[in-house]
Structure formats: structure tokens, C-alpha cells
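Undergrad: Going line by line, the protein sequences match chains A and B. Per our numbering, the very first residue in the first sequence carries number 1; after that it's consecutive. Per our numbering, the very first residue in the second sequence carries number 1001; after that it's consecutive.
It is worth saying that the hints were derived from the structure and are not from the lab. Don't take each hint at face value.
[To be verified] Not close to chain A: a few residues of chain B, all C-beta gaps over 12 Å, as computed:
#1 A1040
#2 A1045
#3 G1077
#4 R1194
#5 A1212
#6 R1213
#7 A1228
#8 G1253
#9 P1285
#10 P1334
#11 G1345
[Unchecked claim] Here are the simulated distance ranges between beta carbons:
#12 A:G111 to B:L1190: 15 to 21 Å
#13 A:L38 to B:A1282: 44 to 50 Å
#14 B:G1135 to A:R34: 42 to 48 Å
#15 A:R85 to B:G1112: 52 to 58 Å
[Unchecked claim] Computed footprint of chain B on chain A, listed as stretches where at least three residues anywhere in the stretch have a Cβ under 8 Å from a Cβ of chain B:
#16 191 to 198
#17 246 to 254
Here a beta-carbon is modelled for each residue, glycine too, at the ideal position from N, C-alpha and C.
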Amino acid sequence: MKSVVITGLGAVSPYGAGLVAYWKGLAAGVCTIRDLTLIETEGFRCRIGAEVPGTPAGSARRTRADRLAIAAAAEALADAGLGARDCRAAALVVGAVGGGMLEAEAWYWRGAREGARPASVRAVRAMLPSAHAETLSSRLGLGGPRHTVVTACSSGAVALAEAAELIADGVVDVAVAGGVDAITRICFMGFNALKLLDPAPCRPFDQERRGMSIGEGAGFLVLESQARARARRARVYATLAGHGMTTDAFHVTAPEPEGDGMVRAMTAALRAAGAAPAEVQYANAHGTGTPQNDRIEARALARVFGEGGLLVSSAKSMIGHTMAAAGSLEAIATVLALEHGVVPPTANLVTPDGDVPFDCVPRVSRAAPLTCAISNSFGFGGQNVTLLFRRGVA
Amino acid sequence: MTTRSGVAITGVGIVSAAVTGDSAALGAFLAAPVAPPDTAFGAGALAALVDPDEARRLSRVCQLTVTAARLALRESGLERDAALGLVVGTEFGDLGSTHAFADGFLARGPAGLSALLFPNTVMNTMIATTAIAVGAREMALTLNAPTVAGELAVARATAAVASGRVPAVLVGGVDELDSVVEHELRRLGLAGERRGEGAAFLVLEPRATAHARGATVLGEVSAAAWRALRSRPWGVGRARRSQAIEAVLRAAGAQPGDVGWVYASASDDEPRDRWEEAVLGAALPGGPPVSSLGRLLGRHAGLGVLRVAAAAWTARSGLLPVVNGTAHVARVRPGRGLVHGLARGGAHVALLVDAA
Chain A
1 MKSVVITGLG AVSPYGAGLV AYWKGLAAGV CTIRDLTLIE TEGFRCRIGA
51 EVPGTPAGSA RRTRADRLAI AAAAEALADA GLGARDCRAA ALVVGAVGGG
101 MLEAEAWYWR GAREGARPAS VRAVRAMLPS AHAETLSSRL GLGGPRHTVV
151 TACSSGAVAL AEAAELIADG VVDVAVAGGV DAITRICFMG FNALKLLDPA
201 PCRPFDQERR GMSIGEGAGF LVLESQARAR ARRARVYATL AGHGMTTDAF
251 HVTAPEPEGD GMVRAMTAAL RAAGAAPAEV QYANAHGTGT PQNDRIEARA
301 LARVFGEGGL LVSSAKSMIG HTMAAAGSLE AIATVLALEH GVVPPTANLV
351 TPDGDVPFDC VPRVSRAAPL TCAISNSFGF GGQNVTLLFR RGVA
Chain B
1001 MTTRSGVAIT GVGIVSAAVT GDSAALGAFL AAPVAPPDTA FGAGALAALV
1051 DPDEARRLSR VCQLTVTAAR LALRESGLER DAALGLVVGT EFGDLGSTHA
1101 FADGFLARGP AGLSALLFPN TVMNTMIATT AIAVGAREMA LTLNAPTVAG
1151 ELAVARATAA VASGRVPAVL VGGVDELDSV VEHELRRLGL AGERRGEGAA
1201 FLVLEPRATA HARGATVLGE VSAAAWRALR SRPWGVGRAR RSQAIEAVLR
1251 AAGAQPGDVG WVYASASDDE PRDRWEEAVL GAALPGGPPV SSLGRLLGRH
1301 AGLGVLRVAA AAWTARSGLL PVVNGTAHVA RVRPGRGLVH GLARGGAHVA
1351 LLVDAA
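Start from the sequences and build out the full structure, keeping to the hints where you can.
TA: Following this line, the structure appears as C-alpha cells:
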């Protein structure tokens, strides 16, 4: 199987457009969670989230999520130094959940409140998560294998695992992969209905944590076979050395209490990478800030790596839960942590939970010469993914 | 993606207005095809298939999914809790629950929101309920695509089995007719195609594994590939050259003339159908007979998976159901055939299917 390396990164996050803004914000521990402006929040217990600031670049005829995706994917391709010729046979794998639902909701709401809505192909089409892949493929000239995965909050990470398999199996040498989601009413209202949102900015791994905060963004990566990257002397950020994908088969919304599915995903990633648990120095946790997720994830991490065996932090404390983008934005954070030797902190963490037996890097980033790290992503339906990265070329 | 596989089909499960059951039921339907007057699956028929507790807990599209998945698993002889991956293709997911969730808010504000409905607004709800129902704990992928979601799911599942990453995969497609979508398509003048609903599943596993455990092999997916054909979003493109078909022929060491017949994704969306005809004409200049079951069953993601099961039947029987005004069965060369899918927007899948 071919070795898979990361040669390009692109991010649009609640810090704004671009990788530089993303890393600067994460490394400084800046929390972007504040009052929501994109949607009405009147009457809800939680009224905050992490929005991408300003108006995303691009035609207003495109959905907000499409514009986020285009900006992130184009940045990743430019960062990798790839042009139109490289894209013709490149694979595209997109993790998505909400599609263009923000716009489709507005259209649907109008019908309900005004009694009529205009006939619109765009509104019907925008409901589909696959709309992003069609837009990216058309806009960036990506002509290789293309598919859209919907695995709830782990979608962005699954997209990377899927792209890695395409390269490892020799189907393509280059892939663009990542996730995207814009804030939508349904997502905001649904997590409110489930009482999973903290009215204050989320506090993963804190004893007083009360839930998550929603966010939005897009994160895309360029993955290449190591041989191709070496041949063209590309800069290599990291090697995606292994991944594991499992399912709990337990409950539609709740994780399995012992974290068995999470353990199997982490163990599979270690096995695929040929890595011993002791090699892993940092875990970019799924870390949503819900009492249940953080407790079970910590238990699973301890079962695999031993208590206190590695540094753990959650980017969601700063950018919220960006849904389908979370897995890929957090993979980028992990890759940049390896690149810079800096572990981004867990913002808002004041009183560490005694049931979480790890140093969760409270509030201030930590210098750490990292060589190996994992990024965990879990989703509704018990969909668990672990990505294992090694610094540079493994 | 291109896969040279040797991947066996050992189970079929179908729930649709025209046929419900396993490979034997499908074979009986294909041998004497009759289009049902209505492609919607009746509420009474579904209730007869679903456990009352599941009928209470699961949305309608999840009930369709779980029922078809169990039928396929039962025919394969694999046990519940087997080491199984899951791949499900869908175009619209559980859109009915999404509307219901939104309507609750629009009617009553935040107090009208249902915490039980919300998880169904995410498209992986069908795979989550199926994983629980059959105890599948390996990878589980929900793939979203217009028109070809079912074919794409089978292609991706074939790759998973061929690579050895999972021992076996339960792969399906599912959609239900949605009143809002149907209403909007009619308003837009895009209701020319026959649309349908239902679920279809296959069990895929390595041929050697199937033989070793004494399973009946119903057919093989010999090669699978998917690509993007150049097109504007939701548009019909002009590209004729199919890298997906070229890839499966290359992977199987086959020539265009080896393809004896084709199951295509034609559905009476005329511009899209003409594009697919042009692509097939360029790739297979011999012009093998082409069938689409769209007019019989209506287009939905389950149909893409059902076509693969039908292709295995045609490979065995040398019979191809054809619908040109009336439905009839044509004699074709048994053995190798192609299942082909092409969507507006350029999603494009090719699968070579052989007899066991």
C-alpha cells in the first residue's frame, strides 16, 4: 500500500478565511463563540455559536456552505502548489451534513409564513449534501473519483480516511478531501431540543461543562502519495499513517458507555500505522463539552493510551462544533500542532474534571516537540473515526 | 476509484412497490415484469413486514432500510453481529422527518421541536438504525448523490471488500417519495421521470470466503469504478468519454465487446438520458442491449442496488427485462454485463457484473 502524505491545507473558520488566521487563533487560545447573527435565536435557551465572520467570498448565488468549501479547497490546492493539470485525475471526497440547508430553510420558512414560496431548483438541490462536491468539482476541475460521505459529526474525518484509502490502494495519486458545514436553523434548534447546548461558550473536559456550542467552517486537505510528493519536491506537512473507522451499533444519539467503538477506532489506527500507543504524544479530542461525550472519550483514551499517557485538547472550545467540518478542521489543527511543535489549548477549561485523567492543556497553548498525534471524531449513530498523523515524512 | 474484485453477491433484500423479498422474489418479478400503478410502498404492506416496536420507534424510511437489510442478511446466511461493514446510498435521506421537525417549530415555536425527530434530519440515520438492527460494528458509510447513490454505494462497498479492510459488507440504497420534493418538481416542470421509493440491499464478501462457508453465490461484481464527468452543478454535460467504463474494463482485462448487456440509469429525464446514451455509445460501440428498470420501479437510490442484483440474475439467466411502452423480457448473452449510472452534475459509476 502506498504511503499517504499531506501537502496542502485550507481552512475557513470562525477566525476568518485562511490557514494563517486559523492557526494564529488556535495557538493563542482565542474563543470565537458569541451571539449568533445568522439565524433567529429568540426563545431558545442557548443563543450562541461560532460564526465565520463577514460575508464569505464568492457569488451570492452560491450557498454559504458552497462558498466556504470553495475558499478552503482552493487554498489547500494553492498551498500544495497544484494546478489545473494536477486536478484532472484528482479524487474529491467531501464530508457534509447540512448541505445548503441554511438557504433551503429560508425558502421553506417563507412558504410557511407567507403562504407561498417561489419555485426553485436551487432550493431543492441545496438540500443535498452532495451539492458541495458538484460545485467543487466543477469549479476546481476535479475529474477523478468523487463522493460525498454523511457520517454526522465525523464526516470531515471520514472524508480524509476515504481519500487516504484511494491513494493507498493506488487508485489515484492526489486527492482533495475535507468537510464543510454552515450554521443552520435545524442544527441549532435540534441540539437545543436535545438540551445538548451550553448557554455559555462550551468548556470541554471541565467539571462544570454543560454542553456544546455549534460552529461552522470548512477544512480541506490535499493528500498525495509519498512518491508523487517526493518526485515533485512538495512540502510535506505530515504523513497520514493510519486511520480507523468503526460503528457502535448501540444508540442513534448516545455513545456506547464504555467507549468500545472509540477504542476500536483508535486501536485500528495504531495498527494501520504500525504504531505503539506510547508513540502518540497528543490527541486532538472530539471533545464536544457534553458531560457524556467527554467522560466516555476520556475513558476510551485511557484504555488505549493509559491514564496521563498523552496531552489532550479540544479545538471545539474555541471554534465550536463545526459539524461536518469538525473532523477536517481538527485534522488540520493536529497537523499544524505537529508542524509547529505547539499543542493548541482547551479554552474555557478552568476546573479540570477529575474523571478525565489527562492534561487537557487548559487555556494556554503548550510547546511540545511532537512527532505523532491522533485526531478523534465521533458522530450521531455511533460513527467513530481516528486519524493518526506523523510529523513530516514517516 | 477502480476495483478489480472477485467480490461475490451472497444475499439480496428488496422492499419496493413492485417486488419485496430476496433474490428468488426478484427473479420471479424480472421474468414477468409488470409496472405497479403506483410506485409508493403501501403503509399496510410495510406494517406487515416490520416489528411493531420498530414501527413505533423508527421513521418510515428507516423501516424500509432495516427490513431490506435483514432480508439480504438472511439470504446470505450470515449471522447478526457478524463482522460487517455497512454502506448505504441515498439521494434525499429522511427528508420527511426533516420537514416534520421544521413544521413543529413553524407551528409552535421552540416548544414544537421534537428531540426524537432531530437525529433523523441527518442522512446517516438509516445506517445508524440498521447497524443497531443487525449488529454491524465495522465501517459504516452513508453516501449522498443524485440518481446514482445506489450504484455508488455498491462500487464503494466492492472496494472495501476487495481491499480486505472489511470481511463483508451489507450495502444498500434507500429513498422515499417526499411530498415537498414531488410538489416542487411538478411546479418546476421537472416531473417527467417516474420516481419511486424503497430499499434494496446486497451482501458482498470475497468469493473465496463465500465458497468456504458454503454460501450460494448469486453473482460477482468483477470490477467497479466511479469518476466525475465534467458538468455544471445539476447540469447535463457534453463529455462522452467514460473513464469509469474504461477503468472497469481495464481492471477486468475485458474488451467493450465482452459486455453483453447493460443496466443503465435512464429514468425519462430526457436530457440526462440522452447524455447517458451518448456516453454508453462511445464506450461500447457494439451497442449491447440496454435496459433500465426506472419505468418499472421509479427512480430512487434503492433501484441502483436492485439493478446490480438484477444484473446478477441476467448474468445467470440470459434474460433482460426491457420496457419500451410495454414490459417484456429479451434473450441476451448470459455472462458479463455492465451496470451504469450517470447523474446530473456528473456523478458517474460503472460496475461489471458476472455470473458466479
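Undergrad: Output the indices of the hints that this structure fails to meet, ascending.
TA: Of the numbered hints, 7 and 11 do not hold.
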